[in-house]
Amino acid sequence: MHTLGELAKLVNAELVGDPALTITSLASIDCAQSGQLSYVMSEKYKDQLKNTQASAVIVNKSLQNFCNTNAIVVEDVYLAFAQITHLFKHKVLHMNGVHASAKIHNAAIATNCCIGKNVSIGANTTIGANTVIEDNSVIGSNCLIGSNVNILQSSIIGNSVVIEPGVVIGSEGFGNARDSNKHWHSIAHLGNVVIGNRVHIGANTTIDRGTLEDTHIHKGVRLDNLVHIAHNVVIGEDTAIAACTGVAGSTHIGKRCMIGGMVGVVGHLNVCDDVIVNAKSTIDKNITTPGIYTGIMPLMPHKKWQIVSVWLIKLDKITQYLNIKLTHLKGK
Amino acid sequence: MHTLGELAKLVNAELVGDPALTITSLASIDCAQSGQLSYVMSEKYKDQLKNTQASAVIVNKSLQNFCNTNAIVVEDVYLAFAQITHLFKHKVLHMNGVHASAKIHNAAIATNCCIGKNVSIGANTTIGANTVIEDNSVIGSNCLIGSNVNILQSSIIGNSVVIEPGVVIGSEGFGNARDSNKHWHSIAHLGNVVIGNRVHIGANTTIDRGTLEDTHIHKGVRLDNLVHIAHNVVIGEDTAIAACTGVAGSTHIGKRCMIGGMVGVVGHLNVCDDVIVNAKSTIDKNITTPGIYTGIMPLMPHKKWQIVSVWLIKLDKITQYLNIKLTHLKGK
Amino acid sequence: MHTLGELAKLVNAELVGDPALTITSLASIDCAQSGQLSYVMSEKYKDQLKNTQASAVIVNKSLQNFCNTNAIVVEDVYLAFAQITHLFKHKVLHMNGVHASAKIHNAAIATNCCIGKNVSIGANTTIGANTVIEDNSVIGSNCLIGSNVNILQSSIIGNSVVIEPGVVIGSEGFGNARDSNKHWHSIAHLGNVVIGNRVHIGANTTIDRGTLEDTHIHKGVRLDNLVHIAHNVVIGEDTAIAACTGVAGSTHIGKRCMIGGMVGVVGHLNVCDDVIVNAKSTIDKNITTPGIYTGIMPLMPHKKWQIVSVWLIKLDKITQYLNIKLTHLKGK
Chain A
1 MHTLGELAKL VNAELVGDPA LTITSLASID CAQSGQLSYV MSEKYKDQLK NTQASAVIVN
61 KSLQNFCNTN AIVVEDVYLA FAQITHLFKH KVLHMNGVHA SAKIHNAAIA TNCCIGKNVS
121 IGANTTIGAN TVIEDNSVIG SNCLIGSNVN ILQSSIIGNS VVIEPGVVIG SEGFGNARDS
181 NKHWHSIAHL GNVVIGNRVH IGANTTIDRG TLEDTHIHKG VRLDNLVHIA HNVVIGEDTA
241 IAACTGVAGS THIGKRCMIG GMVGVVGHLN VCDDVIVNAK STIDKNITTP GIYTGIMPLM
301 PHKKWQIVSV WLIKLDKITQ YLNIKLTHLK GK
Chain B
1 MHTLGELAKL VNAELVGDPA LTITSLASID CAQSGQLSYV MSEKYKDQLK NTQASAVIVN
61 KSLQNFCNTN AIVVEDVYLA FAQITHLFKH KVLHMNGVHA SAKIHNAAIA TNCCIGKNVS
121 IGANTTIGAN TVIEDNSVIG SNCLIGSNVN ILQSSIIGNS VVIEPGVVIG SEGFGNARDS
181 NKHWHSIAHL GNVVIGNRVH IGANTTIDRG TLEDTHIHKG VRLDNLVHIA HNVVIGEDTA
241 IAACTGVAGS THIGKRCMIG GMVGVVGHLN VCDDVIVNAK STIDKNITTP GIYTGIMPLM
301 PHKKWQIVSV WLIKLDKITQ YLNIKLTHLK GK
Chain C
1 MHTLGELAKL VNAELVGDPA LTITSLASID CAQSGQLSYV MSEKYKDQLK NTQASAVIVN
61 KSLQNFCNTN AIVVEDVYLA FAQITHLFKH KVLHMNGVHA SAKIHNAAIA TNCCIGKNVS
121 IGANTTIGAN TVIEDNSVIG SNCLIGSNVN ILQSSIIGNS VVIEPGVVIG SEGFGNARDS
181 NKHWHSIAHL GNVVIGNRVH IGANTTIDRG TLEDTHIHKG VRLDNLVHIA HNVVIGEDTA
241 IAACTGVAGS THIGKRCMIG GMVGVVGHLN VCDDVIVNAK STIDKNITTP GIYTGIMPLM
301 PHKKWQIVSV WLIKLDKITQ YLNIKLTHLK GK
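Residue numbers (our numbering), protein chains in the order written: chain A, 1 to 332; chain B, 1 to 332; chain C, 1 to 332.
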């Protein structure tokens, strides 16, 4: 908990409002409640700004006009937000074996595990050797957690979840604000990872925690090895994602999807339910219709590729040369 | 060991045969021997089914006609197989330091290693700190195993093998059966990982165990960092695979191949000996002729790509519009 | 330290020079100083060979003519170099908790960490549980090193560096010499990894050590999860690289670049400052102009892709058929 005055001072802001007001936590503009601080970066969100329940908002000069609550006024909103997040991050101190406050209900814990404060582990769960479970995490019953796994603070894991060795759950997301010198300032990620019942997670896969809200892996999901799930991603029930695939930040994937191996999914997209995407494709736009999708270059002898690829990057010139009009083709 | 009666009951099957018969293990239809249970999902395998040495086979109603041995008759063969596999999986119980039954022949074991039952480690082998080696694994002599490595149950590792930190060997394969509610049921992988002499495996690489038979990495192979090798894959002698490449299930890659970085290899393929595939390509079909292969989109300024990519996905319409016939081009 | 005579004998070489000369270490031809051994594989480097300060050079018969110092003359220079590197590799012996010689300045070390000889750790640095830091590494102050991290021998890490769980720093590079039987011989990597101040490294990312010189991650860099940085790579200040991207050996990336997720960067390239490359692209040539670059196949329904991809690999034939000349297009 910090006062608004402290926060404004930290980021050298003008404070329009009550410096003694206590801020308990941060939240996004449409979720924020009394006692919380939020931020708005663009006029696109001016209606949410006007109507927010937040006790204070970080804004710039021009957005300040739409702010009906306490305002921390700065030039670079995202940078100020990044700096403030660090004040609200729980510090995991010096871990040392199994903490006395951990509630372990008839679970089998192998040697050299480190288990933090207030961790709860359900019945019949097995934790492999050298695994680390940080403060305030909750692990359900009948789980099988492998060796050398890292479950970082405040992760919530359901029942009958299988986690293979080397997995990292709750790592910091790749969110960074850039200052005027083009230096990066990391955002301390304050959201968590929530994993539903019967989820299986393959070896060395990583799942980042959310920025303010949580990253969600819904029940029945299958993630293969070396998959990357970024901050704030939502994966719907019973979706399966094959190895080496990466899902960028804030993308939502629907239920019962099957995403092939080494697929790249761009951030801030929506993929509807019952979509199949073939291995190695890039999902670079929303998918709104169930079906099978592909986008890869076919393999060919290298000598042939050398010739074909020259024409590939001249496709626009070829069509110009041939006087082909896109509108004409569209009619076909 | 389970009786056929127990197994049929587990999957609510009709049992055509002797319920008291003892099943010792599972095997694929062409490898199965007396005492083993197998399964057949398609008429493609009806000849193998007729002639199998298996003591029993999981089949559906229509395949039952070709079965000359005990039959577990179900609607969904693959789902029943998935459920039965779990009964035959060895459970690794609570590991606790170096087990008394481990045979360690003059090897250097760093602190905090966990070594399971009946593990054998050869002379002059070094095991790094915090590494886990599960029950029944065999590690040869003169190996260099890094720190935080996970070698799961019953892995067989040759002599002079180098394994970098963070590697996972013997993780569960990505094999799942889907029930009529579209929920996934994991297959317990009963095969192992077998690694030949002089193999080198890069940091954080993962190698899944086989479903019923083994995943094989033959002698002299080089795998770079963050490579994924799926269940039942075979990599031939002296093949080198660069970083971030993934090989999907049951694919066989020949000898002396050189596979570039971030290549995706689709499952159930054969790549012959002496093949070179350039970085970032997708191997989406069998390769039967040695040579150099490529399949990537060339890099271009984004503005150019925005124009070219529009034409790319209209290539079929362009050729239609121009009245180009594929058969005509083939003659050229 | 080894005498030239010993080294020549190891690789069955003809020694032209003084067998009693002591070699202290290895270096590349343009960096080598007195007391060092180097190697030259091609006439391209004959001028550097003539003028080298190295005390001895591994060469073949034809390059021997340009060598003005002691020469180890072999048929296969690279193979001889690979074999000799192993003699100069520091062996990390049996690690056992925190070594007495480690200098730990008011840092918080969690349980089960292994810290080698002569390691130095700066003030206010936190090291997570089960993390391994090998001999002679230097960690700055105010760092946050996660759990199950591997920092291998002689790594140099600046101040205020954040390393997420599962990271491997200083693994062996993917450098291998092939003998006449097509067997691979690994090069022992003698360079280190040097990481500047304020660098953040995401979960399960791997950074290989250099072959003779170092791999450099300059200050302020952001690497996301599951990124692979190969041997001798240099990443310039304040560059950000998103998840699942791989950078192949000896490539130099400039300052303030933003490289998207799952990008593949081919080896031995130069990317200038202020370059943005979109996710999933392949950087297959030098980039000399700041700007935004892309090279991916657009996603389309699979049925459409099946048709389009047929034409894609016939683009050269289409243009031949249409009598389009590349030179003609270039003029457009």
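Please keep in mind that the hints were generated in silico from the structure rather than gathered at the bench. Possibly wrong hints are sitting among the right ones.
Copies of the same chain look alike in the list, so a pair counts if it works inside one copy or between any two.
[Stated by the list, open to error] Quick list of in silico lysine-lysine cross-link-like pairs, DSS-like style, CA-CA up to 25 angstroms:
#  : residue 1 : residue 2
1  : K46       : K255
2  : K303      : K50
3  : K9        : K182
4  : K44       : K61
5  : K325      : K285
6  : K117      : K61
7  : K285      : K9
8  : K44       : K103
9  : K317      : K9
10 : K304      : K103
11 : K303      : K317
12 : K317      : K50
13 : K304      : K255
14 : K325      : K303
15 : K46       : K103
16 : K89       : K219
17 : K182      : K219
18 : K285      : K303
19 : K317      : K304
20 : K117      : K46
21 : K317      : K255
Against the structure, test the hints numbered earlier, and report the numbers of the ones violated in rising order. 1, 2, 6, 7, 8, 9, 10, 12, 15, 20, 21
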